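K.L.:
One-letter residues, chain by chain:
There are 2 protein chains.
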Amino acid sequence: MMILKNEIKIIGFDADDTLWVNETYYQDAEKQFCNVLKEYVSPETASRELFKTETRNLPYYGYGIKAFTLSLLETAMTISKQELPQDKIHEILAIAKTMIDKPVELLEGVEDVLQQLKTAGYRLIVATKGDLLDQERKLEKSGIEKYFHHIEIMSDKQERNYEKLLNHLDIAPVEFLMIGNSVKSDILPVITLGGNAIHVPFHTTWAHEQVEDTRAYNFKTVETIRQIPDVLNG
Amino acid sequence: MMILKNEIKIIGFDADDTLWVNETYYQDAEKQFCNVLKEYVSPETASRELFKTETRNLPYYGYGIKAFTLSLLETAMTISKQELPQDKIHEILAIAKTMIDKPVELLEGVEDVLQQLKTAGYRLIVATKGDLLDQERKLEKSGIEKYFHHIEIMSDKQERNYEKLLNHLDIAPVEFLMIGNSVKSDILPVITLGGNAIHVPFHTTWAHEQVEDTRAYNFKTVETIRQIPDVLNG
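Quick note, the sequences are listed as chains A and B, same order.
Quick note: to get this note's numbering, add 178 to the position in the first sequence (first position is 1).
Quick note: to get this note's numbering, add 178 to the position in the second sequence (first position is 1).
It is worth saying that the hints were derived from the structure and are not from the lab.
Note that the coordinates shown come from a computational prediction; the quantities given were computed from them, not determined experimentally.
Keep in mind that a hint or two might mislead.
One copy or any two copies: either way a pair holds, since identical chains are not told apart in the list.
As the list claims (entries may be wrong) - With a straight-line cut-off of 27 Å between C-alpha atoms, the simulated BS3-like cross-links for lysine-lysine are:
# : residue 1 : residue 2
1 : Lys280    : Lys342
2 : Lys319    : Lys398
3 : Lys230    : Lys398
4 : Lys324    : Lys259
5 : Lys266    : Lys230
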């Protein structure tokens, strides 16, 4: 995939697991959740039921920490056959609130790269599916807010959502570069639209974001975000 | 307040209770919620406790339907002294999901006015605090999506949030006109920034949005959204 570097005006960064650690916290929360339910079912069953609930609730609740919390509660009630003691419900709500209060752990190299790209004249935005309030809070805590023009919240990251985004940003697809860890959400839809995308894998990916086969697509993958400026200069 | 009509480029519309009915549905949901809890406390006490929980949760959950649902659950558990039967928890979750599935009832005159303003060359956006997914769904159902350039989700509607919005839209405050039913959220912060705002009251306002005294501010109020084009032409 050729990156038409001279044409790029706006660079969109996925937030969770691209700028900072996220999936790790969700997986920790899921472990705690399975532990709360251990007298009812095995951790594997609890995880599988949670994933089913999350998938079923997506059209209602969308993405982010509040959707996750509501799905935790619904799963727990199903698993306990409606006999979950309320102290366990409180434990589950506490798991979620703790996630909101977690420190933000920037991924290695992120701030250097943002600094370089901003200095080079690109307009940088965050393009994410989470809750706006939660993402704004993370951006403030992280100290990298100053590099971004704004946060763009997307209800989903399919082709039509990126079309809306580009329309809203008033740019052509070739003028947009998306950087993210999810091939399914950050890379393929942007490339299909005729935009640019660079994949920066995170070590773990939520099952919902996994794609089976990407051989038909030709996109650039880098090992670390530190390589992005070289791709744009090289 | 003089509206500098020649300078206005972008008109932001609040969504709930400005474009369509919303607070009425929340109040219905609250009545159903109070009814679920009637064996524990009076409706007045249930409402008061809910409002306290919502206010306490605002910094965690922000605005919108999911935040409301989480606050309903938390309030019910507190009121029942942790002894709420799970069928009542299910009833509460069902109240919330029913709200998501409600039809969208446009307020009188809205579509005509959007049509006129768009034809007159203004760029129209929705500027709202709710959940993006929920607001997108309402916009699609309502049939007025085609008039809007995009939906802007704001984590709050204070002065600093409007500052971010104007920066993101790349316009000066005088080039922006905000239209909404909440004096506190849609009018005062925009005027303080040097922007334009027109207040279109809805017949009922959530307690959190009420302001005590607005005599110090000089802003335009119209009885119905139908008067907006006249204000801009007059």
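K.L.:
What are the numbers of the hints the structure violates, in ascending order?
P.N.:
2, 3, 4
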